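Just need the whole structure built from these sequences, with the hints factored in.
Taken in order, the sequence shown gives residues 1 to 375; the numbers are from full-length UniProt numbering.
No wet-lab data here; the hints were simulated from the structure.
Take the hints with a grain of salt, since some may be wrong.
[Stated by the list, open to error] Derived CB-CB ranges, DEER-like: (1) Glu162 x Thr76: 40 to 48 Å; (2) Glu318 x His164: 45 to 53 Å; (3) Asp295 x Gly123: 42 to 50 Å; (4) Glu311 x Ile168: 34 to 42 Å; (5) Gly39 x Arg302: 27 to 35 Å; (6) Pro196 x Ser165: 47 to 55 Å; (7) Glu92 x Ile312: 32 to 40 Å; (8) Ile168 x Gly292: 24 to 32 Å; (9) Pro291 x Gly39: 54 to 62 Å; (10) Thr321 x Arg130: 45 to 53 Å; (11) Pro255 x His164: 26 to 34 Å.
[To be verified] Below, in silico cross-link-like pairs of lysine-lysine (DSSO-like), each with a Cα-Cα straight-line distance of 27 Å or less: (12) Lys283 x Lys68; (13) Lys81 x Lys68; (14) Lys81 x Lys58.
Keep in mind the model is a prediction, meaning the values are calculated, not measured.
All residues carry an ideal CB built from backbone N, CA and C; glycine is no exception.
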Amino acid sequence: MAGKCVLAPMVRTGELPTRLLALKYGADLVWGPETVDKGIIGAQRVVNSKINCIDFVKPQTGGQYDEKVIFRTCPTVEAGKLIFQLGTASPELAVEAAKIVVGDVAGIDVNSGCPKHFSIHSGMGAALLRNPDRLVNILTSLVTEVGVPNSVPISVKIRLLEPHSDTIDLVQRLCTTGISRVTVHCRTIPMRPREPAIRDVLSEIANVCHKAGIECFANGDVKSRAHAEELIEEHGVDGCMIARAAETNPSVFLPGEKLPWLDVAKEYMRTAVKVDNHFPNIKFCLLQIIPGKTDLYPLISRSKTARQICEILEVPYEPPTPRAEEKVVENVGSKAVQKAKSSSTHRGKKRKERGVGAHSKAVPEQEPQLAAIVT
1 MAGKCVLAPM
11 VRTGELPTRL
21 LALKYGADLV
31 WGPETVDKGI
41 IGAQRVVNSK
51 INCIDFVKPQ
61 TGGQYDEKVI
71 FRTCPTVEAG
81 KLIFQLGTAS
91 PELAVEAAKI
101 VVGDVAGIDV
111 NSGCPKHFSI
121 HSGMGAALLR
131 NPDRLVNILT
141 SLVTEVGVPN
151 SVPISVKIRL
161 LEPHSDTIDL
171 VQRLCTTGIS
181 RVTVHCRTIP
191 MRPREPAIRD
201 VLSEIANVCH
211 KAGIECFANG
221 DVKSRAHAEE
231 LIEEHGVDGC
241 MIARAAETNP
251 SVFLPGEKLP
261 WLDVAKEYMR
271 TAVKVDNHFP
281 NIKFCLLQII
291 PGKTDLYPLI
301 SRSKTARQIC
311 EILEVPYEPP
321 TPRAEEKVVE
331 NVGSKAVQKA
341 KSSSTHRGKK
351 RKERGVGAHS
361 KAVPEQEPQL
371 AAIVT
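Right, dumping it as structure tokens:
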């Protein structure tokens, strides 16, 4: 049976450059990194035509925009394929947050599988598995107030419960909320990545989902597209998520052998510079791709700018060129649209050299750079 092979949500790794590479190499869908509801609430939608992206940014006191981008998407590449993962413990906040991004994504996914303290102590992530009533309320609210009005599917990602019968009971409840998909991370809450995934109950979970007319995806120790296809056939799921294998080499989505890590590292760097990705994230992601025992690893680790990394990898440094333009900002919360002229002199004072520069929220005429990303 045919099924989907998708990029799993990963904090830090799942930013725009990795997603673009995953799609280039054949991923059917890509999940963004978990974004907490309060993090995106109040964000303003900025059309960043310089890099052909949509940015969601938070305003500073006095109406100036923070250089930090909360969420960035490239609609010319990600349209119809980007799932926004939401961290939440509140139906009201979940709805408020989802309404901000719903027009720019292909789905909203609730994270109820993260076992880390940051999520659990706030009642988010895997803590929701201990509070199924709240999880059901969150999903029902999202479906009713965001999904249905905007024709956007709502989904959820869970972990296994113990005993496994509790997982089946939970999935049966989730299937009554109107969601379109359940993704099962095939580990229990206490389990860590080094422990092998448990797939004994996966087929039964898939059957429960299918009886309700919704999809079931599997996550956990999926190594490649070929491996995903084997699991889809064996367990009857509709798709598989790849996380760690894609973090170290996004070309695992190719139908054949993955590409050499150096080729992937160079392509990642070219992509990251073109979309003005911030330097700390570039460095982090490259250090996942480049093996630790290579000569390149310490060189990248000690680098201070994106230009230095390009020189090390022998990749042309071609960042987006700042210029004067008209900036169009939509205040998503109030739906008020503001237009402000910004001169190149004014923006020059705001920008300091940060390797690839600070995230830009300005909107010059569209550049053709991103065409090279998907060719």
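For each hint, the structure was consulted:
1. Glu162 x Thr76: 40 to 48 Å: holds, 45 Å
2. Glu318 x His164: 45 to 53 Å: holds, 52 Å
3. Asp295 x Gly123: 42 to 50 Å: holds, 46 Å
4. Glu311 x Ile168: 34 to 42 Å: violated, 55 Å
5. Gly39 x Arg302: 27 to 35 Å: holds, 31 Å
6. Pro196 x Ser165: 47 to 55 Å: violated, 21 Å
7. Glu92 x Ile312: 32 to 40 Å: violated, 48 Å
8. Ile168 x Gly292: 24 to 32 Å: violated, 41 Å
9. Pro291 x Gly39: 54 to 62 Å: Roughly 33 Å apart at Cβ, these two residues miss the hinted range, so it is violated.
10. Thr321 x Arg130: 45 to 53 Å: Since Thr321 and Arg130 have Cβ atoms about 51 Å apart, the given range 45 to 53 Å holds.
11. Pro255 x His164: 26 to 34 Å: holds, 33 Å
12. Lys283 x Lys68: holds, 17 Å
13. Lys81 x Lys68: Given pair Lys81, Lys68 holds - Cα atoms ~24 Å apart, limit 27 Å.
14. Lys81 x Lys58: Cα-Cα ~25 Å, so holds.
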